[in-house]
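Visitor: Just so you know, the sequences run in chain order Z and P.
Using numbering that gives the first Met the number 0, read the first sequence as starting at 0 and increasing by one per residue.
Using numbering that gives the first Met the number 0, read the second sequence as starting at 0 and increasing by one per residue.
Honestly, the hints are just simulated from the structure, not real lab data.
A quick note: this is a predicted structure, and the numbers were derived from the prediction, not measured.
Note that the Cβ used here is the ideal one computed from N, Cα and C, for glycine as well.
Be a bit skeptical, because a hint or two may be false.
[Claimed, not checked] Derived pair list, reagent style BS3-like, types lysine-lysine, alpha-carbon separation capped at 27 Å: (1) Z:Lys272 / Z:Lys356; (2) P:Lys32 / Z:Lys75; (3) Z:Lys67 / P:Lys32; (4) P:Lys32 / Z:Lys59; (5) P:Lys32 / Z:Lys51; (6) Z:Lys61 / Z:Lys8; (7) P:Lys32 / Z:Lys10; (8) P:Lys32 / Z:Lys375; (9) Z:Lys280 / P:Lys32; (10) Z:Lys278 / Z:Lys262; (11) Z:Lys51 / Z:Lys67; (12) Z:Lys176 / Z:Lys272; (13) P:Lys32 / Z:Lys61; (14) P:Lys32 / Z:Lys53.
[To be verified] Taking beta-carbon pairs under 8 Å as the criterion, some of the chain Z residues facing chain P (in silico): (15) Pro35; (16) Phe202; (17) Leu345.
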Amino acid sequence: MSLTSVSLKTKDLSLYVEKDKGLLFNHISCCLYNLPAISVFTVLLIDEGLSKDKVLITLKDKSDLHIKELSNLYWKILDMLALQSIKLSYADGQYPELSTLNTKSKSTQFQNINNTYQVADATFSILAHPELLQDITALLAPRIQQLQSVDFEIMITQEAELYCIYSNGILVEQCAKYLEVIPLIIDRLQILAFQKSDYTFCFHGAALATPNRNLLLPGESGAGKSTLSALLLDKEHQLYSDEIIALDDNFQISVIPLPIAIKSGSWEVVTQKYPHLAKAKIWHRLDGRQLKYLWPKSFAAESLNSKKNFVLIHPQYSDKQKGKAEVTELSVIDTISLLTASGYQLGFELNIENLEKFIAFIQQSTNLRIVYNNSKQVTKVLGSR
Amino acid sequence: MSNQNQADNSNASSNTVENTEQTRRDFLNTFGKLAMVTPVAMTVLMSPNTSAAPKSCRGNGRKKCT
Chain Z
0 MSLTSVSLKT KDLSLYVEKD KGLLFNHISC CLYNLPAISV FTVLLIDEGL SKDKVLITLK
60 DKSDLHIKEL SNLYWKILDM LALQSIKLSY ADGQYPELST LNTKSKSTQF QNINNTYQVA
120 DATFSILAHP ELLQDITALL APRIQQLQSV DFEIMITQEA ELYCIYSNGI LVEQCAKYLE
180 VIPLIIDRLQ ILAFQKSDYT FCFHGAALAT PNRNLLLPGE SGAGKSTLSA LLLDKEHQLY
240 SDEIIALDDN FQISVIPLPI AIKSGSWEVV TQKYPHLAKA KIWHRLDGRQ LKYLWPKSFA
300 AESLNSKKNF VLIHPQYSDK QKGKAEVTEL SVIDTISLLT ASGYQLGFEL NIENLEKFIA
360 FIQQSTNLRI VYNNSKQVTK VLGSR
Chain P
0 MSNQNQADNS NASSNTVENT EQTRRDFLNT FGKLAMVTPV AMTVLMSPNT SAAPKSCRGN
60 GRKKCT
């Protein structure tokens with residue numbers, strides 16, 4: 000069963016169903032929900048205009064759940080259906096320095112900094128003590144541009160045993176260890192680069208171009224998307240970004256050229272393809288995980304974007320997956336759930352028109368869950384589709 | 000518009016309403032049967048409260064890493 004729109008009596012609510020699940024969009028709160036069958040059923044009963052008691056009696060007739068659980072469900076759904084706006088907006092998550100874009104020439108403190116960096120359309124200058132600056136310059140060497148002025152002036156200071164990161168004069172990050180600074184900087188560059196772009200949808204994941212398709216690998220941190228991206232890269236597979244899937248209103252992917260973060264669990268397998276990774280410096284995330292950075296030989300060109308089919312893969316690495324990769328087709332609702340569960344941001348307020356555009360985009364994509372042990376298994380799956 | 004056309008349009012409109020009603024009733028029956036075997040959990044997929052820059056620290060924008 001494909002995704003079907005169900006016409007509701009209640010204005011300002013849109014319901015879509017697919018197999019045993021539903022998607023509900025509240026036009027006023029601008030929220031999108033994933034509903035199991037019992038919740039879809041409850042929504043339909045409430046939409047029919049049934050009283051609370053009648054809804055509960057009907058639910059009790061169909062379900063083994065205790066009346067207390069059904070009553071809780073009823074109130075939760077009523078809350079979800081409430082036609083009240085939320086004070087926050089989707090755009091509230093923009094980083095604060097975006098509202099203070101530096102339009103002048105370099106500030107006095109940055110006058111002697113020669114190296115400036117460009118990531119997508121965002122430009123940066125970074126000031127730190129000599130040892131840290133040396134590490135930053137070495138890592139970001141491929142992004143060095145000689146620019147007279149930049150959007151973001153980033154200054155890293157050490158105050159009372161804490162490293163403080165200021166961006167356009169705003170304190171934006173603090174960490175206790177030297178080794179934690181670089182991952183924070185790379186993450187910030189990545190996020191500022193996409194937030195400064197004309198993105199509409201942004202999801203957490205990797206994006207690659209192949210000759211005929213765009214490959215999206217959404218997933219939570221640790222799912223194996225960076226590892227799989229590094230293993231897939233060759234003449235045929237080029238990287239848009241290993242962390243950020245930023246799409247504009249025509250579903251064109253932004254290129255965010257920064258190094259790939261390879262977590263410690265993947266060093267052995269990735270080093271087989273990239274021997275120089277063995278000597279790369281080890282950095283730490285705030286959550287304690289260790290990583291090394293790897294630059295791809297080249298990035299995808301923006302022009303590769305146009306009119307390509309999309310293949311969306313939820314990668315799951317398993318060392319027990321011998322022979323073929325295990326492939327499962329994902330439903331539209333499961334795909335949207337997966338994309339958003341990994342972290343997302345919208346560049347506009349979600350409304351029914353752009354939601355339907357997004358649903359159409361997912362419906363046209365090939366959506367797969369692939370359990371794999373090596374990149375050859377994945378390329379074989381892609382080649383067969 | 001001729002009377003015949005008006006009558007045709009009115010019939011078409013009433014057919015559409017009937018079809019919509021029927022479709023909704025069909026889904027009500029289908030999901031009534033499915034309700035027996037599915038869990039209660041429902042999730043917010045997108046909301047202004049959960050839209051945040053995706054981060055690589057565990058939590059991915061929904062929780063702070065610090």
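Visitor: Are the hints correct? Go through all of them and say.
Guide: Structure-based check of each hint:
1. Between lysine 272 (chain Z) and lysine 356 (chain Z), the direct Cα distance comes to roughly 39 Å. Violation of the 27 Å bound is thereby established for this hinted pair.
2. Between lysine 32 (chain P) and lysine 75 (chain Z) the CA atoms are separated by roughly 21 Å; this keeps the pair inside 27 Å, and the hint holds.
3. In summary, the hint linking lysine 67 (chain Z) to lysine 32 (chain P) is supported, as the alpha carbons are separated by about 20 Å, within the 27 Å threshold.
4. Taking the CA atoms of lysine 32 (chain P) and lysine 59 (chain Z), the gap is near 12 Å; set against the 27 Å cutoff, the hint holds.
5. Among the hinted pairs, lysine 32 (chain P) with lysine 51 (chain Z) is consistent with the structure: their alpha-carbon atoms are about 20 Å apart, no more than 27 Å.
6. For the suggested pair lysine 61 (chain Z) and lysine 8 (chain Z), the alpha carbons sit about 23 Å apart, so the restraint of at most 27 Å is met.
7. At most 27 Å may separate the alpha-carbon atoms for a hinted pair to count; lysine 32 (chain P) and lysine 10 (chain Z) meet this at roughly 26 Å.
8. Taken as a hint, the lysine 32 (chain P) and lysine 375 (chain Z) pair is broken in the structure, with Cα atoms around 43 Å apart against an allowance of 27 Å.
9. For the proposed pair lysine 280 (chain Z) and lysine 32 (chain P), the alpha carbon gap of about 58 Å is over 27 Å, so the pair is violated.
10. Our distance criterion of 27 Å between C-alpha atoms is met by lysine 278 (chain Z) and lysine 262 (chain Z), whose separation comes to about 14 Å.
11. A threshold of 27 Å between alpha carbons decides the hint, and for lysine 51 (chain Z) with lysine 67 (chain Z) the separation of about 13 Å falls inside it, so the pair holds.
12. At roughly 30 Å between alpha-carbon atoms, lysine 176 (chain Z) and lysine 272 (chain Z) are farther apart than 27 Å, so this suggested pair is violated.
13. A distance of roughly 7 Å separates the Cα atoms of lysine 32 (chain P) and lysine 61 (chain Z); the hinted pair therefore holds under the 27 Å criterion.
14. Pair hint lysine 32 (chain P) plus lysine 53 (chain Z) holds up; C-alpha atoms about 17 Å apart against a cutoff of 27 Å.
15. Against a cut-off of 8 Å between C-beta atoms, the interface hint on proline 35 (chain Z) holds, since the closest Cβ of chain P lies about 4 Å away.
16. Annotation: interface hint on phenylalanine 202 (chain Z) holds; nearest CB of chain P at approximately 7 Å, less than 8 Å.
17. The criterion of a C-beta within 8 Å of any C-beta in chain P is met by leucine 345 (chain Z), whose closest approach is roughly 5 Å, and the hint holds.
The structure is inconsistent with the numbered hints 1, 8, 9, 12, although it conforms to all the rest.
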